[in-house]
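Number of protein chains: 2
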Amino acid sequence: MPFDAAARINHDRFRATFEALTKSGATPGGLNRPCLSKAHLEARSDFCDLARHGGFDVSVDGAGNHSAILRCARDNAPTLLLGSHLDSVPNGGRYDGTLGIAAAFETLQSITESDLTPDVHLEVIDFTDEEGTWVSLMGSRAATGQLTKRDLDNPRGHLAEFDEALATANLTREGILGAARTDEDFVAYLEVHIEQGTRLSDAGLDIGVVSGMVGIRMYLVTFRGRADHAGTSSMDDRLDAAQGAAAFCLAVRRTVMERFPDCRANVGRMTVTPGAFNIVPESVMLYLEHRSENRTRALKLEEALRSEALNAADAFGLSVEIEFLEEVHPAQMDDSICRAVESSADSLSLAHCRLPSLAGHDAQSMAQICPAGLLFVPSVGGFSHSSREFTEWSDCINGANTLLRTVVTLLSAT
Amino acid sequence: MPFDAAARINHDRFRATFEALTKSGATPGGLNRPCLSKAHLEARSDFCDLARHGGFDVSVDGAGNHSAILRCARDNAPTLLLGSHLDSVPNGGRYDGTLGIAAAFETLQSITESDLTPDVHLEVIDFTDEEGTWVSLMGSRAATGQLTKRDLDNPRGHLAEFDEALATANLTREGILGAARTDEDFVAYLEVHIEQGTRLSDAGLDIGVVSGMVGIRMYLVTFRGRADHAGTSSMDDRLDAAQGAAAFCLAVRRTVMERFPDCRANVGRMTVTPGAFNIVPESVMLYLEHRSENRTRALKLEEALRSEALNAADAFGLSVEIEFLEEVHPAQMDDSICRAVESSADSLSLAHCRLPSLAGHDAQSMAQICPAGLLFVPSVGGFSHSSREFTEWSDCINGANTLLRTVVTLLSAT
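From first to last, the protein sequence lines stand for chains D and E.
Residue numbering for the first sequence follows our numbering, starting at 1 and increasing by one per position.
Residue numbering for the second sequence follows our numbering, starting at 415 and increasing by one per position.
These are calculated hints, taken from the structure and not from any lab test.
Note that the Cβ used here is the ideal one computed from N, Cα and C, for glycine as well.
Selected chain E positions facing chain D (in silico; Cβ < 7 angstroms): (1) N505; (2) T646; (3) Q657; (4) V681; (5) V694; (6) E703; (7) A773.
Here are a few chain D residues that face chain E, going by a calculated C-beta distance under 8 angstroms: (8) M218; (9) G268; (10) E289; (11) S386.
Where chain D lies over chain E, by a calculated footprint (3+ residues, C-beta under 8 angstroms): (12) 604 to 617; (13) 634 to 644; (14) 663 to 672; (15) 682 to 689; (16) 796 to 804.
With the rest of the complex left out, here is chain D (with noise of 0.2 angstroms):
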C-alpha cells in the first residue's frame, strides 16, 4: 500500500514531542508562557532542540518566528507551510497552540520517513505572540507584511517593557517590521487547533474544518474623575471613577446579549488610579474587545458601546475617552484547502463540519498571503485560555493524522 492512503503518526514520538513541548511554564494542569517571558523563550529552544534532533534545518526570521524546514532539492520551490504557536495567556491550557505545533512537527517526520520526496519544501512555524501579550497575531502579521510601525509603537505592555523583552529575544521592532515573506511562493498554510469551545462535542464530531474567522477589535476605554479623600469627601460630592467603570462594564455585557446576540464582548481588565483604600479612583482603564463575523455589526456594536460609555460618564459626572488600539479583520479560509481537510477526515471515518472560528489564529494572517487551512479538534466542556482546557488524546491524534493526511494530498496534487 503507497504510503498516502495508509499514512498515520507515529503515536508515541507524538505524544513524547507534545510533552517535550508543554514542559516549560508548566502549572497545574496549565501552562504560564506570556510570549517573550522566560517560559515561552525555553519552549522555543525545545523546540529548536527537537529540529535539530530530527535533522531538520532550524531557522528564526526577523520576527522571531521559530521554524523547524525539511528542504526539497529544488532551491526555488515553493514552501508548504505548517505552524501555529507556543506562547499561550497568562495561566492559559497546554492545548492552545502548542497541540498545533506538535502536531504539524509529527507530520513533518512522518513525511520525512515514508516513501515520499516532496518537491515542495516543508516548514513548521512557531509564530511569535500570536495570543497578543503585546501586539495579536504579531509573528504571522509581520511574516505576512500585515504590520505597521503604528502597532509595534503601541504594544499592551509598556513600550520600554516591550523593548526590553524583545532585547531579552535578541528581537528589535526594526526587525519585526522587516521580516515579511511576501516574496516568497507557498503552496498553503495549514494549522491544527483545540476547539476551544463546545460545538464539535455538542454535536458529536471529531473534525472542525473552520470556514473563516471572525474580526476583533480592541479599545482602552478610561473613565476620568478626581481623586478625594475616602473619608473626608462627602458621597454627594465625589466623582468617583469606577462608578463609572462599573456601570460600564455591566451595559457591554448586557447590550451584547439584548442587542447584539451574533456578537461577543469582554471587559479583561480594569486598572484603578491611585489605586488605595482610602483614595476615591481618579481614574480606572478598561481592556475592551468584541468579536463579529460581519464587520458591520462590529461597528454598529461599538457604536452602541460609545454610547453606553457615555452614558455611564454623563450619569457619574466623569468623563471618558474611547482608545480604539487595533482590529483583527475577519477572514475565510481557502475552499479547495478545506475540501482536501473533509476528504482527509473521510478516510479516515472522521466525522467532521464546517464552522467558523470565533478565536483568532495565525491562519487568518495567512489567509492574506496564500490558500490557508485551520482545523479543529474537540475541547473538552469548552474551557479555554484556563488550565482547565483539556482535550481527548486520542482527538489529539485524529487531528494529527487528518493534517497528515491533508499534507499528503497537497503533496500529490503540486
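Start from chain D and add chain E according to the hints.
Just chain E now, kept in the frame of chain D:
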C-alpha cells in the same frame, strides 16, 4: 511683654522649613511619597538635617519614627509630644502630614528662641506610615503598643515587598513590635493637620478643634468565577467575575447614600485576574473601606455590604469571599486639651469650632496613652489625597501660631 502672651512663629523660617520638607517626591502641585519609598526616606533625611541644624537631638525608634528633641535639664521629666507624618498616599498633596511636621518644628524653634525654660522634654515626631501604604497608622500604633504581630504579617502590599522596604530603611518587623513607649510619661500629644473637607471654609472659620475621629474598617472582597476564552465562550455560559465586582461597586455607593448617610465608603481598587483582553475575568479583588463615628453603625453597614456582595455574586453565578483586614477604632480627643486650643485660638482672634475628624490621624493612636489634641486648618475646596489639595498659607500660619500658643499654655501649666 512676656513671651507667652505675644508668642508668634517666625514666618520666614516656617515657610523655609515647609519648602525644605516638601522638596523630596515633589510632583506638579503635590507629593508622591508612599511610606518607605525613596522619596519618603529622603524627606526623613531632610527632617534630620533640619533638626541637627536647629541644634536638636535626633532619634529614630524601632518603628522608624523620627524625632527632633529639645531636652530639659531634668532627665526623668515627662515629654510634650508634637507630631504628624511625612509620608503621603500615591500622588498625594503637599499639606497632608507635612504641614503638621513643619508647624511642630517651627513651634520647637520658637520655644528655643524664647525666654521660656521648659521643665519637660519637647519632642517633634514624624510617624511612620500614617497613610497605611503597608499598615495604617503603623508608627503611632507601634509607639502606643497597639500593633500586633498579625498586623505586621498582613501588610497591604505583599509581605515580601514589605520586608524588602523595611530593610532599605534598616527596619524589621521585630523592631517595630518593640517600639512601644507605653512606659514613658507624656504631658500630651498635639497635632496640626489640614481639614481635608470644607466644613471650616463653608462656615468661614479659621481653626477646627477636633472632638474625635471616625472608626475605619477595611476589607478585601474577592469575586471568583471562571476564566474562559472571550471569543469562543458564549455570553450566557460565562462566570465573569468582573460583572459581580462591578455590580458590588455600584451597590456600595448606593447602600451608603440611601441607607447610611452618616457613613462613608470607598472601593479604591479592583484587580482583575488574569487581566487580558481575550480572557473572561476569573477573579476580581476589591479594596473596600468604610467609616463611621459610631461603631454600632459601622457593624450594621458591614452587614448590609456583605448582603450586597452575596447578591452581586449570585446574580452572575460567582462566589465571593470577604476578608476583614483591619480596624481603626473611633477615638476621642482630650477635652482639656481642646479647651487649651480654643483659648489659644481666641487669644489670636481666630474663629473656631469643634468638629469630628472623618479621616484617621496619629492623634487617635496617641489618645490611647495620653491626652491628645488635634487642630484643623481649612482646605480650599476640600480636595485631599490629590495634588489639588491646597491650604492658604495664612491659614497654615494660623495653625502653627495656635499650636505654639497651646504649647506655651501647657508648658505654663506643668
